[in-house]
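First to last, the sequence lines map onto chains F and Z. If you're matching positions, the first sequence starts at 1 in my numbering and goes up one per residue. If you're matching positions, the second sequence starts at 303 in my numbering and goes up one per residue.
By construction, these hints were calculated from the structure, which means they are not laboratory data. Warning: the hint list may mix true and false statements.
Now the in silico label distances, taken between C-beta atoms and shown as ranges [stated by the list, open to error]: (1) Z:LEU410 - F:ALA193: 53 to 63 Å; (2) F:LYS170 - Z:LEU410: 55 to 65 Å; (3) Z:THR380 - F:ASP17: 15 to 25 Å.
The model shown is predicted, which means the values in this text are computed figures rather than measured ones. Built from N, CA and C at the ideal position, the CB exists for glycine as well.
There are 2 protein chains.
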Amino acid sequence: MIDLCTLGTGGTIPMPDRALSSLYVRVKGRSLLIDCGEGTQVGVQRLGWGMQCIDGILLTHFHADHCSGLPGMLLALTKAQRQETLHIYGPAGLTRVVEGLRVIAPQLSFPVALHELEGGEAFECIGLQVTAFPLQHGMPCLGYRLHLPHPAAFEPEKARALGIPVQHWKTLQKGTPVTLEGVTYLPEQVLGAPRRGLTVLYATDTRPVEAIPEHGFRCDMMFLEGMYGPEEKLPLAIKNHHMLFREAAALARDADAARLVLTHYSTSIEEPEEFLPLAQAIFPDTACAQDGMTWTLHYDRD
Amino acid sequence: MIDLCTLGTGGTIPMPDRALSSLYVRVKGRSLLIDCGEGTQVGVQRLGWGMQCIDGILLTHFHADHCSGLPGMLLALTKAQRQETLHIYGPAGLTRVVEGLRVIAPQLSFPVALHELEGGEAFECIGLQVTAFPLQHGMPCLGYRLHLPHPAAFEPEKARALGIPVQHWKTLQKGTPVTLEGVTYLPEQVLGAPRRGLTVLYATDTRPVEAIPEHGFRCDMMFLEGMYGPEEKLPLAIKNHHMLFREAAALARDADAARLVLTHYSTSIEEPEEFLPLAQAIFPDTACAQDGMTWTLHYDRD
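Same shape as in the complex, but just chain F:
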């Protein structure tokens, strides 16, 4: 199960009812943020899913609207007396940017581990298998694929048939072989068929790139930018390295995604729903995110 919340859905400049874009992701009580613009810590408070449990911050890039909330967040975590290491991921320049911003947050109650990525790396965060991949935004910018594996089910009848005592079942269930009286039992002998996990793709601040449908292939949820709606904004989208609603929808269609959520709206978009039909004409399962909107993704019932 993955819980998701678009804490903010604005691009460039925050608005009174639209904070800068940030996604809160929760798995089994631990959380990560994708981006941390101004207003993120208030969004976290308002959501009420916890601040102390945030173990990772994945930054897409270093435009201020995506990381200006970082020093405030670090101080809020210090105020909450966090002790555990906080992991911050981001593209080339991460160290310089975090050091710059920490001029106003020099003393923290916890260690910060910085992970500078090129795109292509895979790592683990809050139990999610994260893959970073490069986007096209006129500066280093990353998209993130989050994958939650679904372990195969333990089948007691198989274990019983093999004569494995009950006290060894948990070990096998967790994927570790067990040797009893010279015989080694492998987990796959007592587990069912592999099960589909859950996959979320997040990519904002980019022109359409092949890597998005590739990494988002058959994902359960795709978060893409809805920077501009109407067709006449295309030259601006190209100039500013952004996308139209319909371009995002085409990527979700190409990925065969289960559903698409648009976020990161230009301040020129007053009511995102106005342009939603432009996306739905290409990919029907498209929705427009609003600040504080939440989703829960469940494993298939198989």
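Given the structure of chain F, go ahead and fit chain Z onto it with the hints provided.
Same frame as chain F, now just chain Z:
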């Protein structure tokens, strides 16, 4: 006339309905901010008095809650295509802090002039005579006195009696002497008695210091911190270099101020009005600021 708005009234950590403390000050269509924490630019938008007209930002000190909104504000001004120089004032370390924060706001549409102050300096900003003075916060921290002079009234009957032609009245009215046929007329010959201007004092993040009632002597409005309410918080106030409501009230009383407004509340204060009687017992004309509250100060009608 001076217009004032407490954009945010929170200390340390922003809350959903309490942004970090920032004061918006407007005089004749130009504005300055005192402090610029996270959320300030949204407060400016919500207020609707203008962002482009902000010519100066006066920082009290460099705890993140007072300056974390700066990079976002610089970008918002750039987005609005500001051309004029923005003046930023603050205590020792200003250059280092602004350079650090500008790691995410490197390219601006306007020049930034940095003014590093020790306390004791007087300068002009948006027509206000500003005096900076040191506070006691365990790090360099400044209070600000803002004074709007009230020019003496021009008295036409005096000018007429001296036989000064009407076309020279404006020059004298503006304070410049006029020489006609070898005779020099001084402004004071045609002006009325000096008039009382308007004075606002702003001091947060400090233990009580003598400089506050000195600089705020008979001021029209005093903004002081209401960090802690109840008496049992005194040891914490001393440790964290802050004040109780009653300590702020005593400073306003000592200054013989016209009125006191409390702001910059600890997150431990849910409802500031609960502790207001503690201040009013010492200084009756005390009010608790809320986010977005506005005041207009008028010259005496004399």
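So does F:LYS170 sit 55 to 65 Å from Z:LEU410, Cβ to Cβ?
-> 60 Å, holds
May I ask you to test the hint 53 to 63 Å on the CB atoms belonging to Z:LEU410 and F:ALA193?
-> With Cβ atoms ~58 Å apart, the hint holds.
Falls inside 15 to 25 Å, the C-beta gap from Z:THR380 to F:ASP17?
-> 23 Å, holds
Consistency with the previously given hints is maintained throughout, with no hint failing.
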